[in-house]
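All chains, full assembly: derive it from the sequences and hints.
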Amino acid sequence: MTRDGKLWTWHVLAGVVIFVFLGLHMLIMHLDDVIRIAWWNPAGGHPIDWANVVARGKMIFFPITYTVLLGAALFHGLYGLKNILFELNLGTAFKRTVALVLLLLGAGLFVYGTWAAFAATALARSL
Amino acid sequence: MLTAKGYPNRLGVWGWVGGGRWGVERYLYTLHRLTGLGLVFYFLLHILVTSSRAFGEAAWAAAMGRVTGPLFTIGEYLVFLAFAFHAANGLRLVFIELGWGVGKPFEPVYPYKTSVDFQRPLAIAALVLAALLAAAGTLDFFVLHGEVTP
Numbered sequence: 001m002t003r004d005g006k007l008w009t010w011h012v013l014a015g016v017v018i019f020v021f022l023g024l025h026m027l028i029m030h031l032d033d034v035i036r037i038a039w040w041n042p043a044g045g046h047p048i049d050w051a052n053v054v055a056r057g058k059m060i061f062f063p064i065t066y067t068v069l070l071g072a073a074l075f076h077g078l079y080g081l082k083n084i085l086f087e088l089n090l091g092t093a094f095k096r097t098v099a100l101v102l103l104l105l106g107a108g109l110f111v112y113g114t115w116a117a118f119a120a121t122a123l124a125r126s127l
Numbered sequence: 128m129l130t131a132k133g134y135p136n137r138l139g140v141w142g143w144v145g146g147g148r149w150g151v152e153r154y155l156y157t158l159h160r161l162t163g164l165g166l167v168f169y170f171l172l173h174i175l176v177t178s179s180r181a182f183g184e185a186a187w188a189a190a191m192g193r194v195t196g197p198l199f200t201i202g203e204y205l206v207f208l209a210f211a212f213h214a215a216n217g218l219r220l221v222f223i224e225l226g227w228g229v230g231k232p233f234e235p236v237y238p239y240k241t242s243v244d245f246q247r248p249l250a251i252a253a254l255v256l257a258a259l260l261a262a263a264g265t266l267d268f269f270v271l272h273g274e275v276t277p
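Heads up: the protein sequence lines correspond to chains A and B, in order.
Per the working numbering, the first sequence starts with residue 1, numbered consecutively.
Per the working numbering, the second sequence starts with residue 128, numbered consecutively.
Watch out, some of these pointers could steer you wrong.
[As the list claims (entries may be wrong)] Partial pick of chain B residues on the chain A-facing surface, computed with a CB cut under 10 Å:
#	residue
1	ARG160
2	GLY163
3	PHE170
4	LEU171
5	ILE174
6	LEU175
7	PHE182
8	ALA214
9	LEU220
10	LEU266
None of these hints come from the bench; they were simulated from the model.
We put the beta carbon where it would ideally sit given N, CA and C, even for glycine.
So, in structure tokens, the structure goes:
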């Protein structure tokens with residue numbers, strides 16, 4: 001299989017991973033009043049209230065699944081964006097630049113987001 | 128599933144969902160790309176904004192304060208709708224990729240059957256799923272929360 005064929009397979013697999021974890025994320029953040037589950041919003045009120053952020057941060061489940069979701073979504077989103085940009089047919093130099101910029105952007109945000117998820121857990125546990 | 132009544136190529140009102148050269152799936156493709164672009168743009172900013180929680184309560188409050196208000200609520204709602212569509216349609220694409228739910232391949236023998244008959248039910252199922260997700264989101268955003276203040 002070509003390199004692009006492999007990346008496409010990863011794109012589809014990442015999509016399935018995102019379906020599961022982004023589905024959970026949306027349940028927690030935006031369907032909290034439709035389906036009330038105290039486990040992920042123990043302080044009540046709004047899911048983004050600091051008390052709930054700390055309570056979720058204390059559970060190791062969240063930084064781990066956030067990291068999985070972060071990686072899968074960054075790859076899925078940026079690979080999709082790369083495909084759309086490549087279809088504009090703006091030449092080899094453009095393609096190389098796009099590929100490099102998106103790779104650096106994705107890697108940088110993955111490192112920063114992963115650090116933030118685990119730093120938030122360390123912070124929550126120290127409170 | 129779809130049968131021509133009297134005239135060839137004439138499917139009646141059902142032809143609106145089952146016929147035509149540019150099928151529903153072609154519009155779903157366009158919408159999938161548009162919602163994908165919207166979601167990836169939101170997501171990159173979302174990482175930066177929500178990472179502020181690692182710097183403590185004040186940083187979190189400041190970051191959340193910058194993205195509050197009716198305009199952001201509408202924006203978030205649009206992101207949710209994009210998510211509902213992209214997720215449901217993406218699931219359909221996975222099914223198509225794996226050949227699930229579209230029957231087994233068969234020899235094309237006259238009178239030919241159109242692939243639309245086999246793929247359209249999946250598209251309709253994806254749209255129903257997207258509509259259900261969107262309805263749940265609408266309920267949460269505007270009915271149960273009542274967050275949009277005039």
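Would you pick out the hints that fail for this structure and give their numbers low to high? none
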